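4 protein chains.
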Amino acid sequence: MNIDLNADMGEGFGAYRKGHDEELLGIVTSANVACGFHGGDATIMHNLAAHAKERGVGLGAHPGFNDLWGFGRRTIQMNARDLEYLIAYQIGALQGLAAYSGSPIRHVKAHGALYNMAAKDEGYANAIARAVHTIDAKLIFVGLPGSELQKAAEKHGLAFAREGFCDRLYSDDGSLMPRSVAGSVIGDPAAAAAQAVRLANGEVITATGARLKFQVDTLCVHGDEPAAVKVASSVRSALEEAGFALAPMGSA
Amino acid sequence: MNIDLNADMGEGFGAYRKGHDEELLGIVTSANVACGFHGGDATIMHNLAAHAKERGVGLGAHPGFNDLWGFGRRTIQMNARDLEYLIAYQIGALQGLAAYSGSPIRHVKAHGALYNMAAKDEGYANAIARAVHTIDAKLIFVGLPGSELQKAAEKHGLAFAREGFCDRLYSDDGSLMPRSVAGSVIGDPAAAAAQAVRLANGEVITATGARLKFQVDTLCVHGDEPAAVKVASSVRSALEEAGFALAPMGSA
Amino acid sequence: MNIDLNADMGEGFGAYRKGHDEELLGIVTSANVACGFHGGDATIMHNLAAHAKERGVGLGAHPGFNDLWGFGRRTIQMNARDLEYLIAYQIGALQGLAAYSGSPIRHVKAHGALYNMAAKDEGYANAIARAVHTIDAKLIFVGLPGSELQKAAEKHGLAFAREGFCDRLYSDDGSLMPRSVAGSVIGDPAAAAAQAVRLANGEVITATGARLKFQVDTLCVHGDEPAAVKVASSVRSALEEAGFALAPMGSA
Amino acid sequence: MNIDLNADMGEGFGAYRKGHDEELLGIVTSANVACGFHGGDATIMHNLAAHAKERGVGLGAHPGFNDLWGFGRRTIQMNARDLEYLIAYQIGALQGLAAYSGSPIRHVKAHGALYNMAAKDEGYANAIARAVHTIDAKLIFVGLPGSELQKAAEKHGLAFAREGFCDRLYSDDGSLMPRSVAGSVIGDPAAAAAQAVRLANGEVITATGARLKFQVDTLCVHGDEPAAVKVASSVRSALEEAGFALAPMGSA
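Chains as they are written, first to last, in the working numbering: chain A, 5 to 256; chain B, 5 to 256; chain C, 5 to 256; chain D, 5 to 256.
No wet-lab data here; the hints were simulated from the structure. Remember, it's a predicted structure, so these values are computed and weren't measured experimentally. Any given hint could turn out to be false.
Treat identical chains as interchangeable: a pair holds within one or across any two.
Pairs of lysine to aspartate or glutamate residues, derived as DMTMM-like cross-links and limited to a Cα-Cα distance of at most 25 Å, are as follows [unchecked claim]: (1) Lys159 to Asp192; (2) Lys57 to Asp86; (3) Lys142 to Glu207; (4) Lys142 to Glu245; (5) Lys142 to Asp192; (6) Lys155 to Glu26; (7) Lys57 to Asp140.
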């Protein structure tokens, strides 16, 4: 039983640092690398691609809105074609830096507000899927199970990795509780680990205590929370103890 | 006798337009496309790659400093490794957009202050050459004949296209007269055409009237001058009348 | 009977030019100057403030979202406090440049998507009004009559200038027809002039032919349309022929 | 005997944090606030102006090059007039945010590469001094003693605060040893404190052990080094023990 553990990385910019890339590269199996628009820059991308290769971590693009100040977390309405090319640009840029280590990009996951908007917006979801498909039809498209992202992946013939979140509470309909709701972010490493194992086993316990079937291929741990490294480490250990083999998505 | 005619293109950004891309695509044989840092954006890059393909114009990357306000014309001192990755990022991004039309990138030419600095600075020249070589060792590297750019191309085993300028006065040492010197920009279409034919024939008459041997593979016309289209058109006609076949650089 | 004619200006950035500032400064009575976030830069702001002073044109700030690529036309959801400080920043910056000519800022008008969003969104409208009030409680706040912008101005004790649009069709409810609707932008100088005179007289004829009461203090002509100068010139002549005295808003 | 202790602050941007603003505000007497170009944003500037007021810390503008990626540390050649307006823009923007707390700006200190370039470049130094003088001729201009910055201040009739550095080695000619030289940054709190007391007493011991006369009005502690808070705290204690009264520059 394989499961992938992914984290967003490379979110600094110039003199700014963010997150815990070095430690997390020793724990996760897939890295979603910011591509210079909401965060990230060429040097950071180069270094992460090289380190991911060294440690056998799967390399992925993590494109977002062109909104550095808002760190890609602001909801932005824009033309779907412009968005599509923005995504293709970012994936291409990461390919350029990944050429140094000969480490091919394996997956693409939209960042922040774009991820959330595209999960519900057919136009945005298809724009991203078209960009991914045009660049490389073998790339794995990562997103929320059952969302417009999954539909767009299927429409364009892309492999889709269903993503679960170790450190976020779920609503009864399978969506994530908004961050603004108290308690919706799970900061306790043990609690996150327990949810990770449950998700890997195909279910989740929602905020109301309901048990929900929920198939996932990859589990996300957030990289920029203060406890990120402890949570990721605890999640990995629990998954291994539960008998799961951790491996980059699509590596089966 | 083949000669290439190149122009910088795609220099707008968002709502901003600049230059005369549409008209020039019908005249030149190689397009140097801005890659989003000193100018250019993903949509513009996509559209130019598609139009270049339709018209048989050779597609090239035109990377510059990360300086949109200064349009890449400000002299900036930076770490050579950071610069190298910045260049690789931009070339990769254009490859991402060129994937839409299946039009491969054929050449790379540095933009503005970066071109001028790298012509004299071994560190900068080698940074660009390393980026080009890493992304695709078959890319043609464009630059001033005899400059550090040419030396870096040779050092890295890259094909080098020696560039001449139709609309700029030359000094006796083969360098360009600075723009700040009155008369250094040739705005008259007939004069530019005459210089183009002379350059294509392997010589140039300098500002002092001296005759200089000067071998070139590609001739640049500037795209953002008011008379750009007339100059380019006049240059092309004169070259054809003089018996030159216009073809993208590297096209046998 | 006084009426003000305003236009958005200073919308270039670095090497990019946009609009027809020079010509329009000879026609309009109020200039809304972009403040560097959706367009505009320090040099452009300085020069416009100086030229506005020379020509007796009222100087105003035209703050927008921090979205240069989108030219402030993309709808962006953000925290109202952050927005408020963003506005204060931009007004302060223009004050800094206006210090050169000793030309005080007289009014503030939100730009693009921010104008449209704030017209309907109480939170955004109050954020802008708070920023204006904090910087200088004597500044005139410009906006759509009857909108949340007007309510926010009244709540904060700011003078409000009700704005009409010479070159846009109105719906029966007094709102502007979306630009996406064919014919919603009036490009014919004579038609724009006729609408301007009607608006100055306190009414407008809507897209359905209905006659609507509509009191305005200032009339906007758009500066970046190809026919902008002709439209503005025609509007000004028609207003003068109809007996209106053109004067900057608030000049009693 | 009064002495001022200053630190660069507010150097974050959007989701990025940098430095130790909260702790340093309890130690220093003057805050140099980044103004949004090399770092800083409107919300950060607002909050710092408010907190500086609460704690009796003197508020200053810390303008830099428009180079967020390079954090204002890259050497950039640009037109002096453009630079001047860039500086005026940034000071004006901080004034806009400082209006919230009614805390007037007391001083201006150039940031990073701009500080170093202007110390030696008459054109740059005068550009900054003109901007400062135009905005408010009572602002104190901070810079290296004996540099072009001091000459420009005198030429424009600005009060000048001579700055010393607690945590940097000096050369025999009174200039700072480049950061690239090993040992040029003093990370040890006790050593920095000793140098601070010596500087406050009008001398410094250089890298070669020579004793140099060196009059200063304000002492800088760097805010973004890991040991910044310990160094600043140690410097303050040592100055107080040596009998100096710490007070914002210009406070009589």
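Each hint tested on the structure:
no.	hint	result
1	Lys159 to Asp192	neither (38 Å within a copy, 45 Å between copies)
2	Lys57 to Asp86	between (32 Å within a copy, 20 Å between copies)
3	Lys142 to Glu207	neither (28 Å within a copy, 51 Å between copies)
4	Lys142 to Glu245	neither (32 Å within a copy, 49 Å between copies)
5	Lys142 to Asp192	neither (36 Å within a copy, 52 Å between copies)
6	Lys155 to Glu26	neither (34 Å within a copy, 38 Å between copies)
7	Lys57 to Asp140	both (19 Å within a copy, 20 Å between copies)
In this structure, the hints that do not hold are numbers 1, 3, 4, 5, 6, in rising order.
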